[in-house]
Amino acid sequence: MAIWIEEDAKVLVQGITGKQGHFHADKMVEYGTNIVGGCTPGKGGQTVELQGKDYPVWDSMREAIAATDADATVIYVPPPFAGEAIMEAAEAFDAVKGEGVVVCITEGIPTLDMVKAVSYVYNRPGVRLIGPNCPGIITPGENGGAKIGIMPGHIHAKGRIGIVSKSGTLTYEAVAQTMSIDEGQSTCIGIGGDPVNGTGFIECLAAFEADEQTEAIVMIGEIGGNAEQEAAAWAAENVTKPIVGFVAGATAPPGKRMGHAGAIISGGKGTAEEKFAAFEAAGIACAKDPSELGAVLLESLKKAGLR
Amino acid sequence: MNIHEYQGKALLKANGVPVLEGVHCTSVEQALAAYDRLGSKVVAVKSQIHAGGRGKGTLYNPETKEHVMDGGVKIAFSKDEVEKYSSHILGNLLVTIQTGDEGKVVNNLYIESGCEIEHEYYLALLVDRDNKSVLIMASTEGGMDIEDVAHNTPELIHKISVDPNSGLLGFQKRDLGMALGLSGAALKSFFKMLGKMYEMFVSNDCAMVEINPLVKNKNDEIIALDAKVSFDENAEFRHKNWDELRDLSEEEDVEIRAKETGLSYVKLDGNIGCLVNGAGLAMATMDVIKLYGGEPANFLDVGGGANEEQVKTAFSIILEDPNVKGILVNIFGGIMRCDIIARGVIAATEALSLDVPLVVRLAGTNVDEGKAILAASTLNIHPADDLAEGAKKIVSLIGGEA
Numbered sequence: 063m064a065i066w067i068e069e070d071a072k073v074l075v076q077g078i079t080g081k082q083g084h085f086h087a088d089k090m091v092e093y094g095t096n097i098v099g100g101c102t103p104g105k106g107g108q109t110v111e112l113q114g115k116d117y118p119v120w121d122s123m124r125e126a127i128a129a130t131d132a133d134a135t136v137i138y139v140p141p142p143f144a145g146e147a148i149m150e151a152a153e154a155f156d157a158v159k160g161e162g163v164v165v166c167i168t169e170g171i172p173t174l175d176m177v178k179a180v181s182y183v184y185n186r187p188g189v190r191l192i193g194p195n196c197p198g199i200i201t202p203g204e205n206g207g208a209k210i211g212i213m214p215g216h217i218h219a220k221g222r223i224g225i226v227s228k229s230g231t232l233t234y235e236a237v238a239q240t241m242s243i244d245e246g247q248s249t250c251i252g253i254g255g256d257p258v259n260g261t262g263f264i265e266c267l268a269a270f271e272a273d274e275q276t277e278a279i280v281m282i283g284e285i286g287g288n289a290e291q292e293a294a295a296w297a298a299e300n301v302t303k304p305i306v307g308f309v310a311g312a313t314a315p316p317g318k319r320m321g322h323a324g325a326i327i328s329g330g331k332g333t334a335e336e337k338f339a340a341f342e343a344a345g346i347a348c349a350k351d352p353s354e355l356g357a358v359l360l361e362s363l364k365k366a367g368l369r
Numbered sequence: 504m505n506i507h508e509y510q511g512k513a514l515l516k517a518n519g520v521p522v523l524e525g526v527h528c529t530s531v532e533q534a535l536a537a538y539d540r541l542g543s544k545v546v547a548v549k550s551q552i553h554a555g556g557r558g559k560g561t562l563y564n565p566e567t568k569e570h571v572m573d574g575g576v577k578i579a580f581s582k583d584e585v586e587k588y589s590s591h592i593l594g595n596l597l598v599t600i601q602t603g604d605e606g607k608v609v610n611n612l613y614i615e616s617g618c619e620i621e622h623e624y625y626l627a628l629l630v631d632r633d634n635k636s637v638l639i640m641a642s643t644e645g646g647m648d649i650e651d652v653a654h655n656t657p658e659l660i661h662k663i664s665v666d667p668n669s670g671l672l673g674f675q676k677r678d679l680g681m682a683l684g685l686s687g688a689a690l691k692s693f694f695k696m697l698g699k700m701y702e703m704f705v706s707n708d709c710a711m712v713e714i715n716p717l718v719k720n721k722n723d724e725i726i727a728l729d730a731k732v733s734f735d736e737n738a739e740f741r742h743k744n745w746d747e748l749r750d751l752s753e754e755e756d757v758e759i760r761a762k763e764t765g766l767s768y769v770k771l772d773g774n775i776g777c778l779v780n781g782a783g784l785a786m787a788t789m790d791v792i793k794l795y796g797g798e799p800a801n802f803l804d805v806g807g808g809a810n811e812e813q814v815k816t817a818f819s820i821i822l823e824d825p826n827v828k829g830i831l832v833n834i835f836g837g838i839m840r841c842d843i844i845a846r847g848v849i850a851a852t853e854a855l856s857l858d859v860p861l862v863v864r865l866a867g868t869n870v871d872e873g874k875a876i877l878a879a880s881t882l883n884i885h886p887a888d889d890l891a892e893g894a895k896k897i898v899s900l901i902g903g904e905a
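Protein sequence lines correspond, in order, to chains Z and X. This note's numbering puts the first residue of the first sequence at 63, with every later residue one more than the last. This note's numbering puts the first residue of the second sequence at 504, with every later residue one more than the last.
Be aware that one or more of the hints could be misleading.
[Claimed, not checked] Quick list of the computed label-pair ranges, beta carbon to beta carbon: (1) Tyr184(Z) with Met711(X): 21 to 31 Å; (2) Leu368(Z) with Met681(X): 52 to 62 Å; (3) Leu659(X) with Thr302(Z): 37 to 47 Å; (4) Asp772(X) with Glu342(Z): 23 to 33 Å; (5) Asp131(Z) with Asn668(X): 24 to 34 Å; (6) Ala298(Z) with Met647(X): 31 to 41 Å; (7) Gly796(X) with Ser122(Z): 53 to 63 Å; (8) Asn668(X) with Glu161(Z): 16 to 26 Å.
[Unchecked claim] Stretch by stretch, here's where chain X covers chain Z in the computed footprint (C-beta under 8 Å, at least three residues): (9) 126–134; (10) 211–221; (11) 255–264; (12) 305–313; (13) 326–336; (14) 343–353.
[Unchecked claim] A short list of chain X residues far from chain Z (calculated; beta carbon distances all over 12 Å): (15) Ile578; (16) Leu629; (17) Pro716.
No lab work stands behind these hints, which were simulated from the structure alone. Think of the CB as a built atom: it goes at the ideal place given N, C-alpha and C, for glycine as much as any other residue.
So here's chain X without its partners, still in its complex pose (with noise of 0.2 Å):
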């Protein structure tokens, strides 16, 4: 689950994590008066989405499509300009390198005060698939794309591993410090800073925290300039306050709806929408209607226990896709018995008045009472054997080559 820029400083800051002052502003009018109070003559105005590369994005009027402006963080060294860019900003579309030609609507900005910089650093903490680890990197080369510099410099990139059983140590902190050729009371700010951001990352929960860039300014102070904070989405239960963090507007509605009944879901841009029990095998069957020639519409796990009423919530939300010209359920059944898929799917067909082609791919627990029932049924059900021929099938029904 991924959070605001300003939501991550007020985290940072609550953490004990210098960041510079800052408001968050829904209006033109918020982002004035923040201006006043701020009291600092150069502002930053921040875009806020979830989505990277805000600075170098680009913003349209979202009905006309018409442009408005390059950057969707600007500095500002007046009110004038703070009006000016704010009203740039707010309501339109925000096209970066990663939020897709779509762009996302900003509705939230941060004004934020202005810094001396002396150098910009890049910070991040993750988790590490590989160590099992929390692990801290670190590069002088703050404020640019870090898997650029990943690539052509990765000497440039420093890394710590934390042992769970230690914590962040202190050496850790000061030999890190000194790798981004930190000495005095820098390196002694950035051992604090540092102490703090770990502390947060696991009390929180964190799946990753990015600072890029973290910066030292003429006094020799480490602080936050920017802040990419996501979620650990399995801690949810013990983080209360996550739900008021949560943007909804920043997520896909059928998404959110399908995870409500416990369904996961993802939108593709293809044609044949998909219905599989398992992530794998959903990954699998989407990658198979590719290879005989159609393209899916959505991955979709009803996951292990499905039932009737599972089934039915997954089909409409499939159909709520208006290019879905036909749908592929692929059940291998374990946990789940192949008669009460069986059965949900007539349920649904029924409900929904199916119009478009499916076909159905049994296999695993009770699967001949389940091809039984489907065989059975008046509807116009394709049985396949197995995945390649229920791909093949669909592939064919919807007109295309198999």
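Pulled out of the complex, with its shape left as it was, chain Z reads as follows (with noise of 0.2 Å):
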């Protein structure tokens, strides 16, 4: 089953004819990712070719949908512009299909345009915001799957673990911990680091939680915030698969941004020692170093029975 994203799932580009859109498409479609086509404003009527195949370019979210009945978008869009492509995508999936996934990978978007974006997307329930500043979401197949992302495909394996982290390369990380312990993934999603940004922990651990497919869970947080505390929280009343977690952070000091806009401590708070002892207050088994998080899910597998 997976979490929000089929095996199959069909996906536009948004930016598909810009530099990074191109090369991030063809990724995709090399890793087997159901693309359909692509956006570009201006553009439409093109194509765009990707592993040595045409795609064709809309000019706008509204005909791209209703021409594939995609069932999610992904943006590579540059900051000045990726709030909107935000919204057009889900008003686009919202006024046609009533749902859709949209997944924005571009970083350095300003923090009021996200909270309209936000908003608006909040406004329309059916459509799902990941990212952004983020490498995306993985449904890994039997034979390829669906990357919706920047990340690197060939490390993936389907399997039953599902992963939920605010970092890019540090969720590469913790799956190639899973696969050191000969575990694949369910679903692998990168929420972001910024300040204000679309799904949360929570969302991730309430769909894993109701995923048949995965049967235990790899939370990875960082500095800044709350969000790990209320989703620790959380966790302890509602899940009841075994969670494996690491908090990013615990040398950085005090006021200083580190890389991500929403990894800074601030007022003392949002600190990894707070948010590791919320972690471990919920029974959610932590590793302090993420080359053990393999270890330490391997013991929670054993506990819960499934090793």
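Using the hints, put the two standalone chains together into the complex.
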């Protein structure tokens, strides 16, 4: 089953004619993602070549979705236009089919643009936003699968571990850790490290809990805000599957932005220590070193009688 | 991006928020001229640095570290006092609770007219990540450390959340003013001021506007007596004027240079330099170094698609720090290919004649090619298969415990 994105999901690419969009669309097709075309305003009617095959381009998301019945879109539009690209996608999915998944990879979108975009998406309940500033979402399949984003596809394999993370490369690390104990992934989601984003930890945990394929969860947080604490408290009440966690930034100094716009300890709040404590209080098995996530996960699986 | 109080006040004034008359100065002569010009008997002489706690800070001579004066914000009752305070402030080191022990040299002063204060309030606008909206916070407990207020008497902090679809509504402004106990002319003044401030927040892509204190004077006027304004750096592309507002002397020179090359660098106090792709993994790398008994010298994220040149710049920035005794490179290639990183590492170590131990951990895209390139080189590069092994190796190579 996996969550939100099936292996054969039909995917559009916004910004498909741009350098980034084209490069990653090609990689997605190579992985096996069912790309059905793209959208770049002003370039409708053109085609784009991915892995030796031509794909159609539309001027608007409404046209693109109407023509392809797409399930999801992935946005590689530059920051000044990305907020609007999210809203266009949300409006189009809502109007044409009442549902859809919008994945925004773009890094550096102004926060107030995201405040607007998130509120816009929220008013269209059938539409889910993942990101921005994230690696995307991947549901590995038996043969390829749906890779919607910039993650290296080849490190994944279909399996029963759900992964949710704020960070990109740290998600890959978590994937590699599951593979090191011969476990594959149901779905991996990078929710992004910006202060204002779409889908959060709790929605991911809820979906993993409800998903038959997922039998255990890896949750990777980082300093800043209290999304991890809230998710941990929620999980304690609502999640029956084993969860393994890690939080990055134990050594980060307060008041300094650590790369991600959201990764900052302010007013003594949002420290890694606080988050680890919340994880532990919720019964989440923690690794203090991401290279040990595999071992901790194996332990949790055994405890749950899953290995 | 932070700006100075005097710049924040100019912005508030331009947007119709009442502030007191004031003059930005960089010399004692200018401060004295400002005093004459303002024609106010009492003036505030305010140090301008990008850190809070100025009033309770202490000034030191930057060379001798001798104590000069207590308090970075002074009330002067005469021209002589203006001369005394401004000469004690300018060019000296101001240490506050927020600057750390090294303090900051004060190059800018703000001379501001006095004002008869009836009551001090606290007001802040910021983006609230939980509600994903602009949050306005106000308290009757102005002039105090707001974190203490939040901790000890949270009921004295009043909050409203602005729906981005409707903007700040009239009843919200009224409710907040009434929660502060305002009525009549003062409530009207607050209502008008808050509307202007919200407009300013949005149109200038602010990350935070904090006014502590916001005051009510004898005439029931609401005035911003302080202004701490910061901008959302992601929005820089639509604010060409930010370049002029940026005070580069307030930022770490090396952090600025890193940013110009697309790197994200933060200097820390340890001795193991790190070069990593991705912010989360970079933080995790620092954490693991510490876990195995070492101390990270920096946070450095080379980003998603670094080239050979950026890797070289990253190395040279790490090595500028004289404390660095060893370097750990940790790359999980996604978009980034390990073979390119390996070539970059070799080019950089040769060009910079690296003489500290170097541990390189590669994983992900083209990892085998990357490892082969490193293995074939004659340079003294220690490979590692995972992060823990890499961290343990670098810690033991620089003579720490691991």
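Structure-based check of all given hints:
1. Tyr184(Z) with Met711(X): 21 to 31 Å: holds (24 Å)
2. Leu368(Z) with Met681(X): 52 to 62 Å: Given a distance of about 57 Å, which is inside 52 to 62 Å, the answer is holds.
3. Leu659(X) with Thr302(Z): 37 to 47 Å: Cβ of Leu659(X) to Cβ of Thr302(Z): about 41 Å, so the range 37 to 47 Å holds.
4. Asp772(X) with Glu342(Z): 23 to 33 Å: holds (28 Å)
5. Asp131(Z) with Asn668(X): 24 to 34 Å: Taking Cβ atoms as reference, Asp131(Z) and Asn668(X) lie about 30 Å apart, which means the hint holds.
6. Ala298(Z) with Met647(X): 31 to 41 Å: holds (36 Å)
7. Gly796(X) with Ser122(Z): 53 to 63 Å: holds (57 Å)
8. Asn668(X) with Glu161(Z): 16 to 26 Å: holds (22 Å)
9. 126–134: Since three or more residues must qualify, the claim that chain X covers the segment 126–134 of chain Z is violated, with 0 doing so at under 8 Å.
10. 211–221: This one holds; 5 residues, not fewer than the three required, reach chain X with a Cβ under 8 Å.
11. 255–264: holds (count 3)
12. 305–313: Holds: 5 residues of the segment 305–313 of chain Z have a Cβ under 8 Å from chain X.
13. 326–336: holds (count 3)
14. 343–353: holds (count 4)
15. Ile578: Non-interface label on Ile578(X) holds, nearest chain Z Cβ at 28 Å vs cutoff 12 Å.
16. Leu629: violated (10 Å)
17. Pro716: holds (18 Å)
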